[in-house]
Structures are given as C-alpha cells and as structure tokens.
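Enquirer: Single-letter residue listing:
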Amino acid sequence: MRGYRNLAAFVILAVVCTVSPSAGQEQVFRINNTAEPESLDPALVTGVPEHRIISNLFEGLTTSDPKDLSPRPGMAASWTVSRDGVVYTFKLRAARWTDGKPVTAHDFVYAWERVLNPKTGAKYAQQLFYLKNGEDYNKGRITDFSQVGVKALDDRSLQVTLRCPTAYFLDLTSFYTLYPVPRWAIEAHGKDWVKPGRIVSNGPFRLVSWVPQKDLILEKNPLHWDATTIKVQKVIFLPTDDLNTAYKQFLAGESDWVPTVPPAQLDAARNRPEFYVMPYLGTYYFRFNLTKPPITDVRVRKALSMSVDRESLTKYVTKAGEIPSSTFVPAGMRGYEGVKGLPFDVAGAKKLLAEAGFPDGRGFPKVEVLYSTSELHRVVTQAVQQMWKEQLGIQVDLTNVEWKVYLSRQGSLDYQISRAGWIGDYVDPNTFLDMWITGGGNNQTAWSNKRYDDLIAQAACKIVNAKDRMRTLQEAEKILVADEVPIMPLYTYVNKGMLSRRVKGWWPNILDQHPLKFIGLER
Amino acid sequence: MLGYIFRRLAEFLPVLFVIVSLSFFLMRLAPGGPFDQERALPEQVRANIEARYHLNEPLWRQYLQYLGEVARGDLGPSFRYPDRSVNELLGLGFPVSLTLGLCALAVALSLGGMAGVLAGLRRNSPFDYFTMSFALFGISVPNFVLGPILMLLFALWLRWLPVAGWGTWRHLVLPSVTLGMFYAAYVARLTRAGMLEVIHQDFIRTARAKGLREAAVVFRHALPGAVLPVVTYLGPASAAVLTGSVVVETIFSIPGVGRYFVSGALNRDYTMVLGTVVFYSVLLLAFNLVVDILYAYLDPRVQVR
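Quick mapping for you: the protein sequence lines, in order, are chains A and B. By our numbering, the letter at position 433 of the first sequence is numbered 433, and the numbering carries on one by one without gaps. By our numbering, the letter at position 241 of the second sequence is numbered 241, and the numbering carries on one by one without gaps.
One chain only, chain A, in its complex shape (with noise of 0.2 angstroms):
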C-alpha cells in the first residue's frame, strides 16, 4: 500500500517538475492593441491596431526594417527596377504557406486584383493605384485585369509596371494591403477565410485563437523561411480600448508594451523606467476654410499662425515632448531637407492683421474653431484662443462636437477654423503635400493652388532623381506652410507609451512599427 503511494507521489512529482520548467520557458509577448482588429483580411483593413497583428500573420514582398523601415527582401529574395523607374521584377524565395503550399507569384497577382476589384470594398484600394491602370480597374473603367500592371513571369517571379516612377513603391510592398492571399481559403470559406482554424497566411507568426473583445492570440510559424529569428513562441493581442485600463494593466504586469499613455497618466508615467517618447510620423494643425471671410484673406491666415507660440504649447499645454513645428512634414524623412515655415512674430502678425483691416483686432468677427470632443484638443484649442486673443485682440469661439460630425462637418466645408491630424501611410513627403491639391478628398479646405498642383504632379510622375524629386517637394511645401497658408501646423505627434524592461529587439521608429519577429523577452 505504501508502495503504491510513494510511487503515486513520484508520479505526480514527476509530472509537476515536467510540465512547469517548460511553461516557464516559453516567451510569451503580451501586447495591449487597444483597439479590436476590425478585421484579420489584408484587403479590408486600414487600422494601426490591425497592422500590428496583420503585419506578423503575413508578409509582402519587402518587409520593413525593424531599426530605420527601411525596405528589406521578406517574400521577394532579390529585384530588379528598369532604367525608368517604371518596371519592378521580383524573385521570390522558397517560402511556404502554413498550409504547406508554396507561395507563388500567382498569389500577389490573385491579392491585387482583390483589392482593386470594386465588389470587394477595400478601403485602402489606393494604395495600388500606383499600378498601372490599377485606378481605372478600381473604378471600373476597365474590367480587363490582364491590362492592369502586374503580372505572373512563373511561379518564382512577379513582374509589377507603375504608372509612373514611384520612389516608395518598396516601402507600399510591406504595406499589408499589397500582401499576398490564399485564393483556395477565400474561396472554400469566403468572409469566414480569416477565422482560427481556417485561415492560410504566410508571415513568421499564425493565428491560434481569436475571441472577439477578449484576446488573440500568435503563435510562431516554425515553416516560416526565417524561422530561426523569431525568438517568442506566443504573442497575445488584449483589446483594452479604454487607455486609462490598459495602462493599469501594464502597470500591474498584465501586458508587457502598451503603446498609449492617457493625458492624464502622463506626469505619474513620465517618472517611470518604462515610459518611452519618440517622434511618430503625424503633424497636429488646424484647418482654415478659404471659403468663410475674413479668413478668406491670406494675412489674416498668416497672423493667426504667426501669432501662436508653438514652443509654450508643446512645453506647458500638450507636454509630452511634442516637436513644436510651422511645417507640414515631419522632420525625420530620408532625403528631405524640409522648408522654413512662418515664424513665431507677434508685431508682424499685428501689422498683417491691420493691413487686412483689423487694427489691434478692432471689427474682427466672431470666428469658431471646431474641435472633435477629446481633452487634448479641448487643452490645445484653449491655449491657441488665449494666444490669440492675448496677442491679436481677437476672440474665437470653440466648438466641441463628437468624431463623426466633427468629420461630417469638416467634409462638406461647414466650419470655419478647424482642428485636425494627419498620419503618414509611408516615409516619403508625398504622403503629406499630395492631400493638398485641388479638390483632394483631404483637402477639406476649399484651398487650390495651379503651381501647387503642377509640382506635386511633377514630383510624382515625372521626375525619376531622387534629389531634384526632393526639391520640388520643398517648393511645394513652402507654397504651402509659407506663401498660402491654408493650414497652421502646430507640432509633429510623438507616440508615448509604456515598453517592459524584459524586451529587446524593439527599437523607436516614426511609424511606431515593431516586427514581432526580433523581439525577444529577458528573464
């Protein structure tokens, strides 16, 4: 009887001292996204939450730098670009899907039609619109896919033809809307194809789990082709939208990166070893509608943007580190040496606004700055009524409406001041000046401007050196931060947030990107 007991209690000692060194060795990376993924399918999605997760289940033909996003081979083993900077041909390595099949050419080919074919809806279909003819499939003027500029070689090799040469066009292959899908799971499983269990993908990470509002849950692919890299073996997406909950989270060791620090966590975070500020690729400015007098009158719009203390505002109102800046594009893009813009000058703005027939602000009339309901504007917008008033004599009302009919608003021109922000899609200045041209659909400010036009469409299609491209966009961009004035940028975003001290392998970037394949846990 005895015996039987002892070897019961073996067992179980047995077991026990089995099953726990092995749990304890397994790296497991808890990331607070804050947000649910609206969707797992590469062609539905234009979220950075989404990103996050999308960008480990699969990967594109270029993949981004983990350091400086800088494109590096991910599918596509090696390329080539013609002489015009119009034709790209790429090899791809031997890579698998997590089906086991390999991944072909004809699986980017089969992606892109996707996205471009207007019965699927995608969101982001403009991101191929570089493709030859990719714009007109979209909008159906062409059904003749085969006229669209990309094209299967044989299985190894992808053949893409631009509209025109396009200087960032391995930086959009990274971009989860160019990834390649499984035709067969989309076709076996339709919407149901992204679902635990079903889904196909190809990125160093696959799916185990996906319980809405709950968590999500990757694993690593050992039949990646850079298997040996990955260092974690489980990654685990929590969705906590609410910010001032995901940082309690983190603080109570229940996430291990959570990338926002609410405003009012900010002085209690900022003293701890965790908390990390970098550049984020954005700028916060305000909207003026060309459309509504007195604003019409570009003094006017010059003094309301000289008269604004970008350094104070950073320093005691948003305090964050925020980058005060009268420029559009962030510093920080490879290649672009950036313009001055208008300069912080009280007395010049006083003799602009008098020249416009405003005198010390005598007869100004009453002018509403329209925000979208968030303290952070709420602080911002308040400091500039205050500077305003204090330095021109002029007062301006502040209206706070919520998201949707702040946007409804701004769209149909139904404002006159407005707040706004602006995220770059790629690291190229083009993601920041080609918004403004005439009747853009993220113009929103009535403003147009013919040499404008005519430089941002030179610097997208018709010159192929990198340089003399640069410089065009700086003439662009002076025309409008410094000559026009349609828009007052006020400071470039930072992203603030909380990173455990067990990570490596995650280094500060502009577009807040971390591939999940180099990060590794201490113990």
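For the record, the hints were derived by calculation from the structure and aren't laboratory data. Each residue gets a CB set at the ideal place from its N, CA and C atoms; glycine is no exception. Where hints are given, some of them may not hold.
[Claimed, not checked] If you only want the chain B side, here are some residues facing chain A, beta carbon under 10 angstroms, derived: (1) 22; (2) 82; (3) 92; (4) 232.
Once you've looked at the hints, dock chain B against the given chain A.
Expert: What follows is chain B alone, placed relative to chain A:
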C-alpha cells in the same frame, strides 16, 4: 394562462416594429456615416463600399430590406467588423453579459440582503446608520467612478485580482461588484424596510414566545415576508443589470454585448446598433412578461386575464 402569454407575445410585434423603425431613422439622421474617417476615402472607393452594403439605394428600400431581414432573424453584417455578422457578435457577447449580470445580481442580493436584514434588526444602531449611509453611497456613486477605484485598490495596490479582461473567476469579481453595488444598495434599503415591517407583527412575537432561537425567528419566519418587495424589484433589476453593463464592460474590457452597443453608436455601425437595440428590446419585453407571470403566481391578488 396560455392565452394570456400568446396575447402578450402578439403585442411584442407592434412594439418591436416601432422600436426598429424609430431607431433605423434616428440612426440615419445622425451626422456622419460608417465610412467617414480622418483619412477621407476616394470617392470611387467609398461608392464601392456603399454598394457592397446596399447603402447607395434609396432609404425606404434599405428600410424595407432591413425589416425583412430582421423578420427572418438576420441582423445583417457589421460595417465595422466585416469578417463578422451582427448575429455572430451578439451570440459571442451575450453569454458573457449574462454571466456578468447574474454575478452582479448575486452580489446585489447577498450583500444587500444581509446588510438590510442586520440593519433592520438593529434599527437606529451605529451599524444601521453606517449600512444605510453606505447604501446611499452605493446608489449615488456612478460605476465609472467605482470601477477604477476598486481596480486601483484590489488590482494595483493589493494585487489580489486582475485589472481587466475575461476568462477566469478572478476576472469576474471586480466588475460584478462594480455593477452590483447600485442594486445591492437598493436591495439593502428594501430588505431593511421589509424587515422593519415584519419584525413587529404578531406572528414574530408568537415565534419568539415559543422560545425559538433568534436566528430561526429571523431566517425562518421574518425573512420570507421581508424579501417580498425585493422579489418584485428583481424583475426590473435583472433586466437593468443585463442591459446596463455597457460602462462596466468598457472599463473592465469585458467582451459583452454592451461593448458593441457603444462602439456601434460611435462608429455609426448602423446594423450593429440596430441589432443591439432589437436584442435589448426583446430581452426587456421578455423580462416584463416573465415578471408579470411570476406576480400572478406569488401574489394571489393578481390575476392574469
């Protein structure tokens, strides 16, 4: 009795019809649409998406189409979560909200009931004053204040419980208390009042005169009479707990129906909002019916006709 139930069920239909119609048009009156975003969509892309969801058709046709779908029990696709249908999301969220609701009710009944009984027995004692002030506090403090305070105390300082999330019983404690506190306070006041009324009645004096132990007097004789007002309150409370967990679910990051209701409204996810409204309406109507039937059983003075 069966006839009564059928008649009530038949009444549901016009009520639901009015609710669905009102919500449908109110939702469309709100400025902005499901596909408005900071980065404006190219016109053609927007048109493609709207065509995919039939949003380009005349409103009356969309309305008729939606009515038809709802009648078949299909609440449509979610605009925000294109991989999922509204039915699927509600199906995933409801068991969670139900679990949370039942636990909150349990908290309300046990905590409130106990406090009420004791306060009633020791009327005007310090304990009574303390409990009733606490109950007042429970009723007045909104759960978006109580939740973070509990979180700070029990999750961050004492480290007894997780901050947020879902999955184990430990995740349930703080949200259940947060959600149940308001109702616990109500239950405590109702029980106390009931207790005071019952404890002075003749049959209690008789029980005491028989020499029963105080515990037996209170629990076997007084309590059943004292909790009657609580029972009547349970119906509306259950419905309110189930449909009122919106804030608590957001604060504690719980994957329930309430999360979809909020995000649906903010994102103009028309089908999601309408789906949740329909779902909540059915739930409330059903609860009302159940409560009415229960009354008939509990109180012989009420007759269903």
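Enquirer: Taking the hints in turn, state whether each one holds.
Expert: Evaluation of the provided hints:
no., hint, verdict
1, 22, "violated, 20 angstroms"
2, 82, "holds, 5 angstroms"
3, 92, "holds, 6 angstroms"
4, 232, "violated, 34 angstroms"
Violated hints, listed in ascending order, are 1 and 4; each of the other numbered hints is respected by the structure.
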